[in-house]
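J.: One-letter residues, chain by chain:
Protein chains: 2
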Amino acid sequence: MAIGAISSASDRPASAALHRVAADNATDVGAIRRRIRTGTYRGHTSGLAPRHVQANVVILPSELASDFLLFCQRNPKPCPLLAVSEPGQPLLQALGTDLDIRTDVPRYRVWRDGTLVDEPTDIGRYWQGDLVTFAIGCSFSFEQALLDAGLPLRHVELGRNVAMYRTSVATQPAGRFHGPLVVSMRPFTPANAIRAVQITSRFPSVHGAPVHLGKPELIGIEDLGRPDYGDAIPVADDELPVFWACGVTPQAVVAEARPAICITHAPGCMLITDRLNHELAS
Amino acid sequence: MAIGAISSASDRPASAALHRVAADNATDVGAIRRRIRTGTYRGHTSGLAPRHVQANVVILPSELASDFLLFCQRNPKPCPLLAVSEPGQPLLQALGTDLDIRTDVPRYRVWRDGTLVDEPTDIGRYWQGDLVTFAIGCSFSFEQALLDAGLPLRHVELGRNVAMYRTSVATQPAGRFHGPLVVSMRPFTPANAIRAVQITSRFPSVHGAPVHLGKPELIGIEDLGRPDYGDAIPVADDELPVFWACGVTPQAVVAEARPAICITHAPGCMLITDRLNHELAS
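Protein sequences, first through last, are from chains Y and H.
Numbering that gives the first Met the number 0 applies: residue 0 is where the first sequence begins, and numbers increase by one.
Numbering that gives the first Met the number 0 applies: residue 0 is where the second sequence begins, and numbers increase by one.
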C-alpha cells in the first residue's frame, strides 16, 4: 500500500460551487444516508449536509485496536476520536441512531497486508466479528465554521484538494503505530490567521487549533509548492501558511503497519453522521 | 508634548527578577495602595500585585470626554475601557472600594496645551470639577496569563520595555481624536504564537487577541530593530513577531489633540485596582 494511494484520504476535491449547491439542497441527512446506503450515491461528501459532522473511518482487527486507540490518545490533534465501536459491532449509535458502518460510507477501500484489494460501496462481505471501527474527526467541521465566519478558503475557491505535507515532527508512537505528523495547509492574511486560530480552537474534536503557522521550514516543509498529498495551493505575499494536524496522519501510520486487514473510507468519501458541527464547539 | 515623551506610557522596565520578587512578596494590594497614596512608593508597578488588574489612566476635561469616549468605543482593541468616572468624581468604585484617582497612581504627568508641566505623586492641586477619568486596560493582565501558561516573554527576561511601533493602520477617528494604531511586539515560536492567540483572546478588556503576526511590513513597520517607543527586542530565526494593540495608542492620540489640561500616569506607573486578572477572562 503506497502512501500515495491515500493522498486525499481525509480531504476532497472541493469547489465553491459544490459547497453552495450542497448547502442549499442537501441538508436532509436522512435522505442522503439512504442514497449512500443503497449505493445510489458513491461520490465525495464535501458540502453534503454541511451542518453535519463528517468522519474519517479506520476499521482494524481487534488485535490492533488497543494499540491504535493508544496511538489516538497520544496524538489527539491528528487523531481526534469521535467514536470507537465494540469489536464486531457495525452500528455506531454515538454518531447516528441507525448508522451502520458496513453500508453508510459512500465508498470504501479494503486493504490486505498493505495492498489495496477492493473499493466497494458496502463492506458486508468483508465484515468480521473482530473488526473495530474508529471514527476520527475531519476538517470539514472546522472549515464550515471558518466559512461561516467569512474567512476565505483558497482550496475551496480553486476547487482543489487542500495541500498536505509530511512533516519532520514525529507522532507519539504506540505499539505498531508510528510515523510523521501530516499537516494540512490553508493560507490566510495575518488578521485572518489570528481569527482562524480563535475559531478552530473551539473545535478540539476536529483537529482544533493550528499546530504551526509561518516558517514551514521549521517543521520540515521545504517547498510549499510540492505537497506530499492533495494539491498545491498558492500562498500570496500578504499571507501566512497556517498548518493544522491532518486526518491523513492516522491513515499513513496504519498503512505503514500493514495490518492483515484494514478498511478505510475512500478519499473524500467520508462518513456523514447525525451529529451537528455546532455540537462540537467548546 | 512630544510623542517621545510618552515612549513607555503603558509599559515599563520589566525584569524577570522583579516579576518573581513581586509575585512572592507584594500581593497585599491594600498595603501597596497605602504606600502609593502616601507617596512612599512612587516607582514602576510592573510585578506589583501581579494578580490584580492595572490600568492606563487618561484624565481629560469634560468638554473632550464624550469625543474620547467615542474614540475608545470605536477602537476597543487599543482602548479597552475598564471604567469611566462622572465629571469631577475622583473615586473609581468600579475598580476599588476606596480607590481615589487623585492619590492612587504612584506618579502622574500633568500636561497643559500639550506641554509637560509637572510629574507629581498626587494631583490634588490640579483637580477640577470637570475632570473625567478614563481607566484603560493594560497588557500586564494578559502578560501574567501568558507567564502563568509557561510562555516566555523576551522583554521580561531581558529586563527591557516591550517594543512598540506606530503602524500604518489608522484608528477610527472621533472628534478631535485621531492617529495611527500603536502596537506592542512580543516574539514567539509559531506554536507559542498560536497559544498566545488562544490565551489573550480570553482577555478582550486588556487588548485581547493580537492584531497581527509575522510580516511587520504589512502594517508599516520597516525595521523591527527600531521601535518607536520602548526597547528593541530581538526576534530569533525560529520566531514570529506577534503584535498587540497597545495602550500607548490613546495616549499618543490625546497628545496630538493638545487639550488645555490632561493628566496621565507616568510611564510604567500604573493604577493598581482591586479587580483580579482572572475576573477579566472570558
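Treat the hints with caution; some may be incorrect.
Identical copies look the same in the list; a pair holds intra-copy or inter-copy alike.
Result set (EDC-like, lysine to aspartate or glutamate): computed pairs, CA atoms no more than 16 Å apart in a straight line [unchecked claim]:
{"no.": "1", "residue 1": "214", "residue 2": "129"}
{"no.": "2", "residue 1": "214", "residue 2": "117"}
{"no.": "3", "residue 1": "214", "residue 2": "99"}
{"no.": "4", "residue 1": "214", "residue 2": "238"}
{"no.": "5", "residue 1": "214", "residue 2": "97"}
{"no.": "6", "residue 1": "214", "residue 2": "112"}
{"no.": "7", "residue 1": "76", "residue 2": "156"}
{"no.": "8", "residue 1": "76", "residue 2": "278"}
{"no.": "9", "residue 1": "76", "residue 2": "221"}
{"no.": "10", "residue 1": "214", "residue 2": "236"}
{"no.": "11", "residue 1": "214", "residue 2": "255"}
{"no.": "12", "residue 1": "214", "residue 2": "237"}
{"no.": "13", "residue 1": "76", "residue 2": "227"}
In case anyone wonders, no lab produced these hints; they're calculated from the structure.
Predicted, not measured: the structure shown is a model, and the values here were computed from it.
J.: Hint compliance check: list the failing hint numbers for this structure, sorted ascending.
T.: Structure breaks hints 1, 2, 3, 5, 6, 7, 8, 9, 11 and 13.
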